[in-house]
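Protein sequences appear in the order of chains D and A. Sequential numbering from 1 applies to the first sequence in our numbering. Sequential numbering from 1 applies to the second sequence in our numbering.
Just so you know, the hints here were simulated from the structure itself, not pulled from any lab data. A virtual CB, placed ideally from N, CA and C, is assigned to each residue, including glycine. Wrong hints could be hidden among the right ones.
[Said to hold, decoys possible] Quick list of the computed label-pair ranges, beta carbon to beta carbon:
no., chain 1, residue 1, chain 2, residue 2, range
1, D, A154, A, P51, 17 to 27 Å
2, A, G97, D, R34, 56 to 66 Å
3, A, R198, D, N94, 29 to 39 Å
4, A, N183, D, H30, 27 to 37 Å
5, D, S167, A, I165, 19 to 29 Å
6, D, G33, A, C128, 43 to 53 Å
7, A, P51, D, K116, 53 to 63 Å
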Amino acid sequence: MVFLGAPLRLRNRLAGRCWRIQEVLKHARHFRGRRNRCYTLAVRAVIRAFVKGTAARRQKKRDMRTIRTEVALPPRTPSVSLCTYCEQRPLWINRITAASQEHGLKYPAFIANLVKCQVELNRKVLADLAIYEPKTFKSLAALAKRRREEGFAAALGDGKEPEGIFSRVVQYH
Amino acid sequence: MAAAVGASALSVTFGRLVSACSRSIPRPSGPGAASLWSVSRRFTSQSASFPQGYVPKTSLSSPPWPEIVLPDPIEETQHHAEVVGKVNELIATGQYGRLFAVVHFASHQWKVTSEDLILIGNELDLACGERIRLEKVLLVGADNFTLLGKPLLGRDLVRVEATVIEKTESWPKVNMKFRKRKNFRKKRIIVTPQTVLRINTIEIAPCLL
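Here chain D stands alone, though its shape is the one from the complex (with noise of 0.2 Å):
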């Protein structure tokens, strides 16, 4: 039926006004404060939110390799801080320093010579192998350790002592 005359005060309105509030308020739910009830306040902290989200995915990557100097200065205020973040991120490089240390080599040492003896573990894989391989690990830094010595008795020897065996390298074509 098609209503010709219909009069000024029928008009239409927006009818999921209710839904489209609540999948907003649902991802404010865990805020503090009036946040997490009224609209107008969720909004802002919810977009703040998910840019802070896509950020830190990218920083992530990056804390997991190496710590990010802004943890460790002291907090600014003394009251009990909003964010409730964890800060033991797993920091692979300075797991592998602090166990090569255990070993007595340091950690560009012990990475530059692994390189040189054709290793290719990566940091996250040698992080691993430090906390639950330990023998593992310690034939690894007695490796670089002797590659080290053979780089030093190379650098000094000008060619008269034989080659050292742990520096022979696998060609491959």
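Following the hints, complete the assembly by docking chain A onto the known chain D.
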């Protein structure tokens, strides 16, 4: 890539035995001892001739690292051959417990044992339940020995098998861009495909030469 050359391509350690590197003979250390040493030499020897290549001890006369004496190469090669033989025997007789391996797969390196689950962030074009062999193995270890590849271990040495268990999508991640006071707001929901693999077995063969 196969470890083409035999014993030299694999770096092997046995038990807690670590490749020995003997320390140098301890020299008289300390500035007092050095001057005493040189003084006594000067006073005892009649002629003031120094051996050829003698450099008086200064801060730059010797390198800053301690002097290194590497072990005899022939003895070392023998020792290495012994160790490789022992490890080969262990593998042949099956005297190892649980094996772990480091596998390069889907542009990531995974430290893996049997009955392990792996979550891969892309689609593999495989049906659920298909059995796969993971070929790029960088490291295999047991309780008493580890085999390191340079950089990969041979295909006839290790065999890592896995099954595709699940093919799902990730949880919807929100990608939002916002610039204040510029009326700039963009929101995008990203859902990436994921595959779950179960590592069934890791097997090694006694072909270490």
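Consistency of the hints with the structure:
1. A154(D) to P51(A): 17 to 27 Å: holds (25 Å)
2. G97(A) to R34(D): 56 to 66 Å: The hinted range 56 to 66 Å holds for G97(A) and R34(D), with Cβ atoms some 59 Å apart.
3. R198(A) to N94(D): 29 to 39 Å: Holds, since R198(A) and N94(D) (Cβ atoms, about 32 Å apart) stay within the stated range.
4. N183(A) to H30(D): 27 to 37 Å: At roughly 29 Å between Cβ atoms, H30(D) and N183(A) fall inside 27 to 37 Å, so the hint holds.
5. S167(D) to I165(A): 19 to 29 Å: violated (44 Å)
6. G33(D) to C128(A): 43 to 53 Å: Holds: the Cβ-Cβ distance is about 47 Å, inside 43 to 53 Å.
7. P51(A) to K116(D): 53 to 63 Å: At 35 Å between Cβs, range violated.
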